[in-house]
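Given next are the chains, with one letter for each unit.
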Amino acid sequence: MKKKGQGQKGTFGELELPVSRRYLFPASRRPMLLLGALLGGAVLAFLLVDLFAAGGRFVSNGPLSSNHAAFGSDCGNCHFAAGRTVSNDKCSVCHEKFGDRLGVFTFAAHYLYRSDDFRRVVPSDRERPCFACHTEHEGRAAQITRVPDGECLRCHDFGSFNDRHPEFDFVAEALPDDAGLRFPHAHHVREVGKREGLEDVERACLYCHNAEPDGKGFAPLDFDRHCDACHLGATVATPALPIRQDDRLGVETVAAILDRGAPGSRWALFSNPREFRIRGDSLVKGPLHHRDPWIEENLRTLRRRLFTDAGLADLLAASPDAPADDLRRLYEEAVATLEAQVLELRGSPDADVQAELERIESALEGLRRRLDDPYAALDETRFMLALDQRNPELTDEEAAAIDSLAADLTAPCRQCHLVADATIARVQTGQRVLRRAEFDHRAHILQRRCLDCHRRIPIAEGAATAEKLAPEVDSAAIQNLPGIETCRECHTPALASQTCVTCHYFHPNKSHRSELLLYLDRGAG
Amino acid sequence: MDKTGIKQSELHRDRWSSLDTQGGIVEVSERLGAAELEKIELFADYDRKFLDKISHDVSVATWEAGAVLFEQGTYIDLAFFVLSGEVEVWIEGGGEGGARPIFDLDRTQVAPVAPAERTGRDALGSTRLMKSATRVSDREITMLATMDFDLPREAGARLGPGEIFGEIGALSGWPQSVTARTASPCRLVQIRLPALRLMKRKSKALKERLDGLYRQRSLAAQLKNTPLFQACTDMFVEALKESVELVSLEPSEVLVREGETAGDLYVVRSGFVKLIQAFEQGEISVSYLSKGMTLGEVELMIDGIDGWQATAESVEYAELVRIPGETVRQMLESNPGLSEILWSSATERIREIGAARRHIPHSEFVQVALDNGLVQGSSILAIDLNRCTRCDDCVKACADTHGGRPRFVREGNRYQNLLIAKSCYHCRDPVCLVGCPTGAIHRAGVGEVVTIDEEICIGCSTCYRNCPYDAIVMWDTHEVWPADMVPQGLRGRERQAASKCDLCADTGHGPACVDNCPQGCPYRVASLEEFQALLDRRP
Amino acid sequence: MPMPTPKSPSLSTLPRINRWLLALVAATVLCLAVFAANNLLGDVRSGNAWGLSYGAAAAILVLISAAYGVRRRTMRLATRLGAGSARVWLPVHTLTGALFLLLVLMHSGFRLPEGWVTWGLWLLSFWTVASGLLGLALQRWIPRRLTSALTMEVHYDRIAELVEETRSRAEAVAGDCGETVRGFYERRLARGFGQPRWRWRFFLDAGGGVQNRLRELDFLARRLAPEERGRLEELRRLRVSKSEIDAHYTLQRALRLWLYLHLPASMVLLALLAVHLFTVFYY
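Chains as they are written, first to last, in our numbering: chain A, 1 to 525; chain B, 1001 to 1539; chain C, 2001 to 2283.
Hints may contain errors.
[Said to hold, decoys possible] The calculated label-pair distances, taken between Cβ atoms and stated as ranges, are:
#: 1; chain 1: C; residue 1: L2123; chain 2: A; residue 2: D372; range: 47 to 57 Å
#: 2; chain 1: A; residue 1: E16; chain 2: B; residue 2: G1489; range: 28 to 38 Å
#: 3; chain 1: A; residue 1: R164; chain 2: C; residue 2: A2049; range: 19 to 29 Å
#: 4; chain 1: A; residue 1: A53; chain 2: C; residue 2: L2123; range: 46 to 56 Å
Derived from the structure by calculation, the hints contain no laboratory data. From the three backbone atoms N, C-alpha and C, an ideal C-beta is built for every residue, glycine too.
Only chain A is shown next, with the shape it has when bound in the complex (with noise of 0.2 Å):
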């Protein structure tokens, strides 16, 4: 710096230039603030203008997802009818139209949903609304039934699939098989092998397990399709059976059944003689058929003996032993039971039987409302009490020799079936055992064999021998089925998914959306 005394005074610098006489006023920055600000302004206005006069297309966090795509033009279909947010109530114009009648997307039926907990009906104070777990506004491709595990967690504590998640029901508690057959199914495939000349064994599976349209499980079990081929052929017939006297146990004949005019007996009139040989009090019948109406009609009878009131149970064909998710089938099958006997005695100009009809019919009507309704409670006890107690007046002796008679009359059925108290077990066709999961086998099939899971019956090394298996190792009553370290192995973190949404629904089964389907033609109608 240059010497500088009083000479210098009023310069600065280097160069001595003069220093300033005045104040220096800070340029201002408004130009800029005011470039902001309108520019704030501006794009505050347009969107202001947007959203209270041109739909908010440009203020939403985003386009709504394909599904809902259509109510994008204006935010009104889904935000103000209602106030701010958008309610339940919005949802269920479209979602519940058609499902109200069972709610399917309402809180309440994720309690019922496979868990029968009908204490939950009430609503809990966990319910959230629609669209906090099926968050909208976040793009076309977005998928809002992907509901992230934290919704799912908010109440059930289970850290993840690999993670705290509990082991498969009939893994856990070693559930047996309720199938109500006895089936080895190493010796099915090796047979089913042998005559069809298959080289691998896992073919034979699709013999019998025949896959459902969407791929995903398997269609019920069918005498006709699965079994006729092979079981009961012309030569299978009954032992030779004591024909029912006055005073003696036996089997009722044809004519005796038609005499009797037992409700539900029309088939008689149909039957073909030939099938039943008569030698003195005894009788034959062959060749039988599956669901034979004779044997069934005989039984039943014989087991009018045992319980003198089956009552509803008389309308079954098979057991009462349904599964606990399946109790409609019970009341389906008394209700289609009836409607034939109802239709047989349409025809009869008996003033009783007419008044019994409409007795009959009234029955029938409360039993459809019934079924109808989505909340009322299903059991099996009124098909349950009525084989709870045999009849105290038979003496030992007596039911024993009705048992054995029924014993003898189901000789070709016990094959397979099984029979207790004069009722065959019911058979459990379907092969659903997840309850509160789904499991797509289709989406599984392309890259495990079935083997590969359905290890517990070795039915390879089964099949691949002469002899048969012993039926602690292989029945029907083992659940040939993986526990859930077999799903680990590929379901990881890592591999494939695992969220919960993979196997849950919140909602009740999809199926259930053929419902909407039957609303609306009966809208339509």
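Chains B and C: place on chain A using the hints.
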């Protein structure tokens, strides 16, 4: 009464009305005419025209007993003349005496002074509430120079009718060294600084009387408080004060020249004196003297050195005391302890001169500091250019605080990374105060803050011209002086006003420029040590 | 003796910016750790509790950051209320601004936005933070260039005045010169004394390479009579000073123009944020 007279009365009210708010005043007189003033002994020498001219700066106030006129350490621009009653003056407290700042300057604390130094400076051993250790030493020296009264600590004196007091502080811009209180109901003539200056200039008798008062009341005290004479007996000092000579220096006046024959000892009373030595083809500043320091001990003490070792030149106005060589020699004989003090001072001076010649950057810094008055300033606005983004927020903050008009220009000389802005330094010896005709520019009561009362300023530009650092700006108020303005020369002319940084004195907060800089680059620097710390800082 | 002696600067404390930088890095790491931990617990979406809390934090941060702008424009009030020194506000502004961007990203779970407003917010967040960081870099870099490479300090608002001053001085000197130097001045130098000039070069070289361009002047000087040489020397001094003024003009202007990138965008950002908050809380 003519128009001028009316205006004079108005001015008088303007000047004195604020006194009414002060406790203890019973009555302040209206403007006294020349005829009335003449009757007072103090004004007897002056003609009526002159008295008319100064009349608005003079009033007679009646005080009740026990009223505090001013407190020790405050700056006032009044001198008092006792008409009747008695005034008591005394020095408060022990080491705490002197100008203790009530107003906190809130300067930016730069690199802290090493703790050892800090405690070392606390020579008096009392608890101090100072922000910065460097200021402590300043204060001791300030005390020394402004000792109006030669009073022992905690003792008082009574001043009766015919006595003048407060004048040294008023004339020199120093803080009062005593507290004054009326001992009985008093009538006091109160003379504002501009009038006092004019009176002193006009009347030789008054000047002599004031100088005499200074000698009588102050000099001995000053001398006794100089480390040099502390060892001497009171009697000796009393004798000394008769033999010494008071020396006043104009800016850049040479006191002694290198090589000329030496012999006397100088003690600096106020201002700064720089010591210059020939160096190669030019010269360098080797050191400088501030209040209380002595010059001449090297030449006196060391045999073989007879000529002045360095040229001594005043930086701005400076006041010194010359003690003849003969007297010093007498002192040395009677006080053996004295030689030790002088010896250590002399060796220190020689060491320093040697160091300055070897350490060129340091020497340059001293030169710059002296040339730019950095030694003067008690609060210099220095901006660290390594950080300054030139956003002008400091100026905006200043303008915001002062009604939209900034009080400094962010421009000025640059020394290394520091810009020394054109903002008031708040000099320890403010030359701007000299010659203000209205007393508009004044110390803001306490502390070293100098402010301008723009209501009183008549825009004469004296301070603006006097300020060596261009820190005062004349601004156009866009008003015109009224037709009855006094002095008459201003009537109808555009009204200008001087304006400068007041350190945000009335706002209750520290300097807004420092507080509002986002980069933290402006500093209010009070000493060369702080400057040095800023310069040495890593960018 | 108040004579200062050179002493080593006290650097016991870390420089200011490094402490803040440390805070920023720590906060960033903390946020990312929280996000990582969070991601293990559950999916982060802008709509769920996690995402909303990040969003709320981001909004608070941006408001703190914006408060700095308010503080700068209400200095009198801020000082009077003791709102804190601006030198603390600036690092807080920077810190909260940078963290704001991070939290915006966390808010969306590091996904791209979908709507117009959210896209706008997303882009503006990036833009504002990026321009802010650019400004920070400029503010830390340019002052040092100006201080280390130039000898003089010029007030931006006085540049035109001072350029005019140097020009008139140069013309006066040139007027006194002989034919050769005057001709040289008119042909080679006069243009340089004209207007303040913006040159990109100053960003790389605050000296502006003026020494190189003045070589011809030195060449000429060696062939001149001593007094003409003295005048040419004066011209040279003036020319170098003009170059320094130009450097000040360019670099100080950059410091001022930079704010145009940052401030209006941030105001639009706040407007969009207001709309966003409205839609989030209203719907």
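Quick rundown of the hints versus the structure:
1. C:L2123 / A:D372: 47 to 57 Å: holds, 56 Å
2. A:E16 / B:G1489: 28 to 38 Å: holds, 34 Å
3. A:R164 / C:A2049: 19 to 29 Å: holds, 21 Å
4. A:A53 / C:L2123: 46 to 56 Å: violated, 25 Å
Of the hints listed earlier, the one the structure fails to meet is number 4.
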